[in-house]
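Peer 1: Residue numbers (this note's numbering), protein chains in the order written: chain R, 1 to 233; chain S, 1001 to 1233; chain A, 2001 to 2220; chain C, 3001 to 3220.
It should be emphasised that the hints constitute simulated quantities derived from the structure, not laboratory data. Every residue, glycine too, gets a C-beta built ideally from N, C-alpha and C. Among the hints, erroneous ones may be present.
[Unchecked claim] DEER-style ranges, computed between Cβ atoms:
no., chain 1, residue 1, chain 2, residue 2, range
1, S, 1136, A, 2058, 38 to 46 Å
2, S, 1006, R, 138, 26 to 34 Å
3, C, 3150, R, 7, 56 to 64 Å
[What the hints assert, rightly or not] As a list, the in silico EDC-like pairs of lysine to aspartate or glutamate whose alpha-carbon atoms are at most 20 Å apart:
no., chain 1, residue 1, chain 2, residue 2
4, S, 1222, C, 3061
5, R, 222, R, 192
6, R, 159, S, 1200
7, S, 1184, S, 1018
8, C, 3137, C, 3098
9, R, 222, A, 2062
10, S, 1222, S, 1202
11, C, 3121, S, 1084
12, C, 3124, S, 1018
13, C, 3137, R, 97
14, A, 2124, R, 127
15, C, 3117, S, 1084
16, S, 1073, S, 1133
17, C, 3117, C, 3098
18, S, 1159, S, 1200
19, A, 2096, S, 1058
20, A, 2124, R, 97
21, C, 3121, S, 1093
22, S, 1073, S, 1093
23, C, 3117, S, 1095
24, A, 2121, R, 192
25, C, 3137, R, 84
26, A, 2137, S, 1058
27, A, 2005, A, 2181
28, S, 1073, S, 1059
29, A, 2117, R, 84
30, A, 2117, A, 2062
31, C, 3096, R, 149
32, A, 2117, R, 95
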Amino acid sequence: MINKTVHHAADALHDITDGMTLLLGGFGLCGIPENCIRELVRKGVTNLTCISNNAGVDDFGIGMLLRNRQVAKMIASYVGENAEFERQLLSGELEVELVPQGTLATRCLAAGYGMPAVFTPAGVGTEVAEGKEVRRFHGRDYLMEMAFDADFALVKAWKGDTAGNLIYRMTARNFNPVMAMAGKITVAEVEELVEAGTLDPDQIHTPGIYVHRIFQGVDYEKRIEQRTVRQKA
Amino acid sequence: MINKTVHHAADALHDITDGMTLLLGGFGLCGIPENCIRELVRKGVTNLTCISNNAGVDDFGIGMLLRNRQVAKMIASYVGENAEFERQLLSGELEVELVPQGTLATRCLAAGYGMPAVFTPAGVGTEVAEGKEVRRFHGRDYLMEMAFDADFALVKAWKGDTAGNLIYRMTARNFNPVMAMAGKITVAEVEELVEAGTLDPDQIHTPGIYVHRIFQGVDYEKRIEQRTVRQKA
Amino acid sequence: MMLDKNGIAKRIAREISDGYYVNLGIGIPTLVANYIPNDIHVVLQSENGLLGMGAFPIEGEEDPDLINAGKQTITMQPGAAVFDSAMSFGMIRSQKVDLTILGAMEVSEYGDIANWKIPGKMVKGMGGAMDLVASAKRIIVAMQQVNKAGESKLLPECSLPLTGVRCINRIVTEMAVFEVDTEAGGFRLLERAPGVSVEEIRNATAGKFIAAGDEPEMVL
Amino acid sequence: MMLDKNGIAKRIAREISDGYYVNLGIGIPTLVANYIPNDIHVVLQSENGLLGMGAFPIEGEEDPDLINAGKQTITMQPGAAVFDSAMSFGMIRSQKVDLTILGAMEVSEYGDIANWKIPGKMVKGMGGAMDLVASAKRIIVAMQQVNKAGESKLLPECSLPLTGVRCINRIVTEMAVFEVDTEAGGFRLLERAPGVSVEEIRNATAGKFIAAGDEPEMVL
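Make the full structure from the sequences, and use the hints.
Peer 2: What follows is the structure, encoded as structure tokens:
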């Protein structure tokens, strides 16, 4: 067993420098690598390209990096929850590439599976198709989309072991497994870190080969974006 | 919950007819759909195209279909365990397309993920590349390989529920999940069929949306191909 | 009488058949779940990675790890399954999802749809909408027939950046149900909201309007 | 003294570094696992879908659901993980596996390899070999230097159908260790088996042979 454990976020991210490209797991605020994002804020690295489905909210998640002007370019599918984001975008401070959600996920998968490009019908005939190769298969048009090439992937799992194996919980899984596969260096923060041999090999969502550093996170806030409830019947 | 349960293999395969293309899960004899194969033998459908990593052994697995002359074409990566196979191939009775194992898996994935084609470096510069488009990305050559288009996928899981969700056990997983995604109609046989709601949603390997019919198999032989052991220390 | 949002949702629910896997978008589509008849079996897909989405949780039982694509706290049905985003859009792209219901800002008479961007004004992004409209077997749009300025949103062609091309099959608005002729072009009237006349609907449709004149009222 | 199969395996084991993920092919490569030093941490990948392959099971504890790519019954190490065939070759293709060790029928002086087919005689198939040689970061071939007829298997070019092109970095045979110059072409002698002379090795190498003449004996 190869031990992937590091002490904390500062250790895990020590070699992230200005100008790097980062994949950040999560959907909205669900399943985001809170400890890693806090550490990026603390380090103050700038000029980052962040690839993530969303951009957090004004004061949480990637929103903290935006507020701190650490992000030069954001690649995302939906950024509607973030007023500061919209301000920076409209003022030209922030470069943005909006990518269909399935295309975003599949470009991660492509990187993790060593496929340089993939075909998807999403965006055919729209401005997303501009500058991209369109190819017809079986009478239907597809865009050729390129695999992501990112320096780091920062993901959050529920449980992990010292070999880097990861298990996610419910819809906090989302982009985390595909981003974990796609980073040149992948850092995983987990709510509970256990010894290798503790987790059932059949239940691993991300095999440790894809994870370079793992640590047990602290102080998870797990903020809820849209609290919707019903009354007890 | 949508109930996918059928009574037995005969129900599940009632509409398989001569000349169809079938994906069959398993690696060697490990994780093969024993009940489905027995039923194909019993039905006597012929002129089948079978896509499977291996071709079974002479008297078990897909080997039984070969012996019975039910297979017109075999698409596989490795067929070395089967003398009858070799005989039919050399005599010209059987058409064979040999496909690199990773390409085989990825052409299933492509079908399950709605991607018409994928790029892989496997086979570049070899006879596998003949007639295929070669494309260079980042200074490296890749073959464009097409998604499979199969009438049925027959897979074997360890546990399944009435909603069609599947869980595999150890390396009996192999090709089963990717083939389950790739069939126009997917039939799953399981060792244990439970009520929907019994399995942990986080531990499902194949979500029920990919499975059209499920039944609890009987009389699993689970033959071991290469029994290798060590002495107790 | 124009339908309210719940009325539109209720009418759309009648388009759902037993055994369907359905993806519901944000807004009116979310309300459709409330009107699915109890005697049919339907599984809701949420594109953030869940099959078998259930109702909102009982107060106090919200779980931050369990949300839908609108980031709302939800529950799971028995038989639910969780998966990653690549598989989620994999099943959408391979047309395992039978029906997609989503909102729109504009629809053209050829079934083009615009619902993700207002240049210079709004830049929220397309989320999963472009994937859904490009791949879905069948798409129903839930929308208002006219905008706040009283202008029709059923147009000869979309003025806003497109989400997808020739992909919308059916539209349910506060006034009517339409079938879209994506080949020849045109909004074919199928049903009227109770008490709304063909002429009223024609006047609220900027694109090519096709009606025999005897279209029935909706059954809700 | 020519090495036997275990000698070849033992020499190859010295190429494995701490922290490596390694894929071992069928035959001599499988034996390499027996010689990995206890003080380094290595994870064995089996391309049928396992990381953390362990030893053969104790007699009576064989499990038909747990095999390696050679269809042999095996065990799992603590920290093992199981996955499907698409992910297995995904991690191979994305070069997460550090080292691949496999057998060969022929290798050319440019690092081409043939190991899957003898036209008209043998049609077993390539299994995962074509994927592995096309993608692996580093490949070591374990093979006999000469065939049963006494002919060299290290050739100017392969006569059999290729498995991969310009992909072999290193070869360990019963006689020697070679580095392959995939750019200029040539088998560069690095080490000799104990007691085997440079001339003997040269005579058993049909392709371009490169040696300074003072190459050391292997340390086993």
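Peer 1: Hint by hint, note whether the structure agrees.
Peer 2: Taking the hints in turn, this is what the structure says about them:
In this structure the hint that residue 1136/S and residue 2058/A lie 38 to 46 Å apart at CB is violated, the actual value being about 57 Å. At about 31 Å, the CB distance of residue 1006/S to residue 138/R agrees with the hint of 26 to 34 Å. Take residue 3150/C and residue 7/R: their Cβ atoms lie about 59 Å apart, and the range 56 to 64 Å holds. In summary, the hint linking residue 1222/S to residue 3061/C is supported, as the alpha carbons are separated by about 14 Å, within the 20 Å threshold.
For the given pair, residue 222/R sits about 15 Å from residue 192/R by alpha-carbon distance, which is consistent with the 20 Å threshold. Under the criterion of a C-alpha separation no larger than 20 Å, the hint pairing residue 159/R with residue 1200/S is consistent with the structure, at around 15 Å. Among the hinted pairs, residue 1184/S with residue 1018/S is consistent with the structure: their alpha-carbon atoms are about 16 Å apart, no more than 20 Å. Taking the CA atoms of residue 3137/C and residue 3098/C, the gap is near 6 Å; set against the 20 Å cutoff, the hint holds.
For the hint linking residue 222/R to residue 2062/A, the alpha-carbon distance of about 12 Å falls within 20 Å, and the restraint holds. A hinted pair counts as satisfied when its Cα atoms are at most 20 Å apart, and residue 1222/S with residue 1202/S does not qualify at roughly 27 Å. A C-alpha spacing of about 14 Å is found between residue 3121/C and residue 1084/S, which places the hinted pair at or below 20 Å, so the restraint holds. Taking the CA atoms of residue 3124/C and residue 1018/S, the gap is about 27 Å. The hint is violated against a cut of 20 Å.
Under the criterion of a C-alpha separation no larger than 20 Å, the hint pairing residue 3137/C with residue 97/R is inconsistent with the structure, at around 32 Å. A hinted pair counts as satisfied when its Cα atoms are at most 20 Å apart, and residue 2124/A with residue 127/R qualifies at roughly 15 Å. Using a Cα cut-off of 20 Å, the hinted pair residue 3117/C and residue 1084/S holds, with the two alpha carbons roughly 18 Å apart. Straight-line distance between C-alpha atoms of residue 1073/S and residue 1133/S comes to about 23 Å, which puts the hinted pair past the 20 Å bound.
At roughly 26 Å between alpha-carbon atoms, residue 3117/C and residue 3098/C are farther apart than 20 Å, so this suggested pair is violated. Of the pairs offered as hints, the one joining residue 1159/S and residue 1200/S holds, with about 12 Å between alpha carbons and a cut-off of 20 Å not exceeded. Restraint check for residue 2096/A and residue 1058/S: not satisfied, since their Cα atoms lie roughly 37 Å apart, outside the 20 Å limit. For the hint pairing residue 2124/A with residue 97/R, the CA-to-CA distance comes to about 12 Å; that is within 20 Å, so the pair holds.
For the given pair, residue 3121/C sits about 16 Å from residue 1093/S by alpha-carbon distance, which is consistent with the 20 Å threshold. Pair hint residue 1073/S plus residue 1093/S holds up; C-alpha atoms about 9 Å apart against a cutoff of 20 Å. A threshold of 20 Å between alpha carbons decides the hint, and for residue 3117/C with residue 1095/S the separation of about 16 Å falls inside it, so the pair holds. In summary, the hint linking residue 2121/A to residue 192/R is not supported, as the alpha carbons are separated by about 43 Å, beyond the 20 Å threshold.
Note on residue 3137/C and residue 84/R: the hinted pairing is violated, with a Cα-Cα distance of about 44 Å set against a maximum of 20 Å. Restraint check for residue 2137/A and residue 1058/S: not satisfied, since their Cα atoms lie roughly 43 Å apart, outside the 20 Å limit. Between residue 2005/A and residue 2181/A the CA atoms are separated by roughly 25 Å; this puts the pair beyond 20 Å, and the hint is violated. Restraint check for residue 1073/S and residue 1059/S: satisfied, since their Cα atoms lie roughly 18 Å apart, inside the 20 Å limit.
Note on residue 2117/A and residue 84/R: the hinted pairing holds, with a Cα-Cα distance of about 18 Å set against a maximum of 20 Å. Between residue 2117/A and residue 2062/A the alpha-carbon distance is near 32 Å, which puts this suggested pair outside the 20 Å criterion. Annotation: proposed proximity of residue 3096/C to residue 149/R holds, straight-line Cα distance about 15 Å (limit 20 Å). For the suggested pair residue 2117/A and residue 95/R, the alpha carbons sit about 16 Å apart, so the restraint of at most 20 Å is met.
Hint check: violations occur at hints 1, 10, 12, 13, 16, 17, 19, 24, 25, 26, 27, 30; the rest are consistent with the structure.
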